[in-house]
Amino acid sequence: MILDLITYGAFFLVTALSYGIICLGLNVQWGQTGLFNVGVAGFVAIGAYTSALLTTPDVVERFGGFDLPIWIGWISAAFVSGLAAAFIGVITLRLRADYLAITTFGIAITIQLVVLNAITITGGPFGIGFIPRPFSGLQEHPLLFNLANLSLVCGITGGVYYALERLIHGPWGRVLRAIREDEAAAASLGKNAKVFRLQAFVLGSAVMGFAGAIQAHFIGFIAPENYLSAITFQVWAMLIIGGSGNNRGALLGAILVWALWSITGAALGLIVPAEYQARAAALQIVFIGIGLAAILVVRPRGLLGEVTKVSRVLIDR
Amino acid sequence: MNLQFLADGVVMGALIGLGAVGVTLSYSILRFANFAHGEFIAWGTYMTLVLTTAISTLFGGHTGTIGPLSFGWPLLVAGVAAAALTGGLAVALDRLLFSKLRSKGNAIVMVMASFGASMALRSLLEFIFTSRPAYFTRDIQMAVPAGLGIRLTPDQFFLIFLTMIIVVVMDRFLSLSATGRAMRAVSENPILARVAGVDVERVIRATWIIAGILATASGVMLGVTVQIRPFMGFDLLLPLFAAAILGGIGSMSGAMLGGLIVGVAEAVAVQIVGADYRAAVAFLILIAVLLVKPSGLFGVRE
Amino acid sequence: MTRALLDVDTLEAGYEPGASIVRGVSLKVMAGEIVAVLGPNGAGKSTLIKAIAGLVSKFSGCVTLDGADITAAKVHELARRGLGFVPQTENVFTLMSVADNMRIAADVLPKASRSEQIDAMFELFPDLARQRQLAAGRLSGGQRQMLAVARALIAKPHIVMLDEASAGLSPKLVGQVFSKLAEIRAIGITILMVEQNAKAALALADRALILVEGAIAHEGPAKAIAADRSIGRLYLGARRSEGGA
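Chains S, Z and P are the protein sequences, given in the same order.
Mapping the first sequence onto the numbering used here, position 91 (from 1) lands on 91, and the numbers just tick up by one.
Mapping the second sequence onto the numbering used here, position 161 (from 1) lands on 161, and the numbers just tick up by one.
Mapping the third sequence onto the numbering used here, position 243 (from 1) lands on 243, and the numbers just tick up by one.
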């Protein structure tokens with residue numbers, strides 16, 4: 001019983017932390033740079049599908065897989081997601097802020113179409129299965145398997161967290177905040193301000209793609225329905241509730257929201273009759289939507305706000 | 001070559017255009033891209049559906065249809081009432097959410113809030129009505145020739161006619177009425193508008209009401225020609241943004257023309273690559289506009 | 001003593017609480033007067049006039065117009081209550097026609113008197129009457145300034161406030177705009193003007209105030225100030241008095 005609980009706990013944390021890494025990526029874009037990305041689902045999907053294509057064994061009815069090592073898949077995932085972000089960023093970052101939101105929204109929809117319809121590459125609605133899982137040799141022992149994966153994901157999360165903290169508190173992060181906080185500073189940097197924004201956008205999306213790949217390999221199976229706009233929405237809720245601008249807040253928000261999501265989901269599963277499950281799931285999203293909007297109005301800095309004080313005057317007013 | 005697809009493109013374009021006019025007005029006056037606009041479309045349509053059913057039931061189902069059209073007067077009455085209710089919904093959402101963020105002066109936080117609101121409103125529809133499609137009518141209509149080998153159903157004729165009336169009324173309203181003038185003034189320069197005596201909060205309310213009315217018109221058109229689903233507005237959102245940006249933010253005629261271009265381009269794409277990638281057409285148009293002329297066809301600012 | 005038309009009493013104003021730019025300014029404008037507010041760059045002249053117009057936050061103090069307290073009045077209400085304001089820049093709706101610029105301002109009046117008042121303005125500004133249908137953005141700089149003034153006059157204000165009406169205009173155009181202001185005063189409208197162009201302003205105004213670092217450093221009849229060279233040297237800068245900012 002206790003072992004089951006630990007196994008479930010490890011499984012839960014792996015999923016929550018993979019969302020946490022997505023949140024860290026989003027935090028580079030929103031928290032540090034003020035870029036609103038509505039296409040999180042798209043960038044996560046790019047990462048997941050890239051890695052899945054590269055690492056799955058060769059299949060007859062579909063293009064690939066290439067049976068490459070997992071780590072190549074993960075690195076490529078980050079790279080391809082970053083590339084897609086560079087494409088969007090170059091076009092929209094010179095324009096009004098909401099155009100980035102609209103365009104990322106568009107790319108998420110387009111990617112959803114592609115994974116759904118490019119059946120020879122993505123498997124269409126059936127998705128891609130048999131994605132190699134790390135420590136698959138341990139699969140016979142669920143506890144060991146989940147704990148091994150948990151330690152791996154913990155290590156990766158810690159690594160990404162540490163690397164981003166270093167970047168954010170270094171000269172690069174200072175420039176980003178200056179651009180976000182101060183129009184004059186942004187203007188004095190001129191063209192460079194756009195380059196910095198683009199770097200932040202690409203880096204954030206690459207982290208999201210990387211996290212998408214990790215998720216895919218942990219679950220072992222991906223399908224288009226995993227990458228609907230609801231995911232974007234959940235990740236946003238995680239970051240806003242945890243506290244934008246703060247990496248610890250991003251991770252805390254991910255664990256908290258995922259816990260809430262899992263608990264309410266399980267509770268609804270027990271209480272609500274099977275034929276009303278879909279409706280109950282819709283209600284879950286209604287509450288998160290209201291929660292997100294309420295946090296924006298009441299406590300815009302989230303549970304753990306940004307550590308720096310530059311923005312206090314602007315936000316508290 | 002069979003030009004039939006053009007007819008469907010124009011009908012689709014007309015309803016995208018009506019929605020895009022609402023987007024472009026609220027964007028230029030509220031100064032943020034409202035992701036919840038799609039939900040105004042869906043809510044307006046579902047409210048029309050509920051009211052139509054209620055009216056028909058009240059009259060014992062003997063309301064019949066208007067001439068060759070597939071629907072009767074209850075739909076028109078319900079549509080007008082639902083348009084007013086949707087305007088009220090938009091005003092209420094502004095009061096509860098956007099007005100509280102407006103004073104903080106950060107447009108992108110408003111975009112985010114509208115994204116949250118859109119998710120909540122859409123899921124609420126799904127909760128109430130489930131994701132199963134609904135229909136105003138299941139009758140199949142006979143199409144009649146409209147020249148160039150194109151055939152239109154009586155409903156399609158009616159909807160194109162209705163769109164033209166709405167466009168003319170909106171145009172007269174914006175160019176001649178005091179409220180329309182005030183809306184143009186706030187859209188160009190909100191500070192000067194206030195100095196000149198324009199009550200900006202009142203203009204914002206008027207804008208939301210108009211956006212709600214046009215969204216309902218657009219949604220009911222979609223409901224009559226295709227079907228009613230909780231995601232109908234969400235799926236229209238990208239075409240709406242593409243049309244509004246293509247036309248130039250703030251330009252009503254631009255949004256209408258942009259809608260027609262997007263609608264016809266989708267129809268052409270369906271002919272060439274099939275229906276699977278239809279939704280990507282709006283994205284390609286959006287990217288092309290942002291690359292070539294971000295201010296759009298008739299836009300004055302980027 | 002007669003009551004002042006506009007009475008500003010120890011006004012503190014600025015963009016951020018705790019950082020007042022206007023510091024304890026009191027001034028009175030009598031009906032029929034032209035009062036000029038002069039001073040060096042950054043003295044807070046524009047902030048003062050914008051605070052009266054409701055566009056900059058007032059932290060303390062009181063503003064009354066014709067005896068009524070307008071300290072907390074909303075910007076759009078001021079137009080109805082008889083306070084006209086001409087901002088320094090972006091003071092016409094460039095995308096709208098000249099006639100629509102007029103109509104916007106006339107919309108605060110009762111329906112019956114709107115077109116009558118617009119006609120009266122076109123009579124006062126015949127240049128504009130010839131270009132009713134032109135988009136205001138296509139007017140020349142001088143005509144644009146005239147339109148901005150006309151727009152502020154339409155709502156039949158008791159007092160018109162102008163923020164640097166001469167900025168960016170050639171000396172000749174400054175002369176035209178200022179002689180139009182003299183005409184406007186002649187029909188009974190009171191004027192409070194903030195000016196960088198001290199020479200032209202002092203020639204037009206009855207009284208002048210000199211604002212330095214957000215507080216009034218000197219005030220008196222315009223003629224006396226114009227004659228007092230030490231004031232010119234101290235506060236206004238010799239070059240400034242030669243025209244155009």
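To be clear, the hints were calculated from the coordinates, so they are not data collected in a lab.
Heads up, a few of these hints could be off.
[As the list claims (entries may be wrong)] The calculated lysine to aspartate or glutamate pairs, modelled on DMTMM-like cross-linking and capped at a C-alpha distance of 25 angstroms, are:
{"no.": "1", "chain 1": "Z", "residue 1": "Lys104", "chain 2": "Z", "residue 2": "Asp199"}
{"no.": "2", "chain 1": "Z", "residue 1": "Lys104", "chain 2": "P", "residue 2": "Glu12"}
{"no.": "3", "chain 1": "P", "residue 1": "Lys74", "chain 2": "P", "residue 2": "Asp127"}
{"no.": "4", "chain 1": "P", "residue 1": "Lys156", "chain 2": "Z", "residue 2": "Asp199"}
{"no.": "5", "chain 1": "Z", "residue 1": "Lys100", "chain 2": "P", "residue 2": "Glu213"}
{"no.": "6", "chain 1": "P", "residue 1": "Lys111", "chain 2": "Z", "residue 2": "Glu201"}
{"no.": "7", "chain 1": "Z", "residue 1": "Lys100", "chain 2": "S", "residue 2": "Asp58"}
{"no.": "8", "chain 1": "P", "residue 1": "Lys223", "chain 2": "P", "residue 2": "Glu213"}
{"no.": "9", "chain 1": "P", "residue 1": "Lys172", "chain 2": "P", "residue 2": "Glu183"}
{"no.": "10", "chain 1": "P", "residue 1": "Lys74", "chain 2": "Z", "residue 2": "Asp171"}
{"no.": "11", "chain 1": "Z", "residue 1": "Lys100", "chain 2": "S", "residue 2": "Glu61"}
{"no.": "12", "chain 1": "P", "residue 1": "Lys58", "chain 2": "P", "residue 2": "Asp100"}
{"no.": "13", "chain 1": "Z", "residue 1": "Lys100", "chain 2": "P", "residue 2": "Glu77"}
{"no.": "14", "chain 1": "P", "residue 1": "Lys111", "chain 2": "Z", "residue 2": "Asp94"}
{"no.": "15", "chain 1": "P", "residue 1": "Lys58", "chain 2": "Z", "residue 2": "Asp171"}
{"no.": "16", "chain 1": "P", "residue 1": "Lys180", "chain 2": "P", "residue 2": "Glu116"}
### Message
Let me make sure I understand: some of the numbered hints might not hold for this structure. Which ones are they, in numerical order?
### Response
Going through the list in order, the structure violates hints 3, 5, 7, 10, 11, 12, 14, 15 and respects the others.
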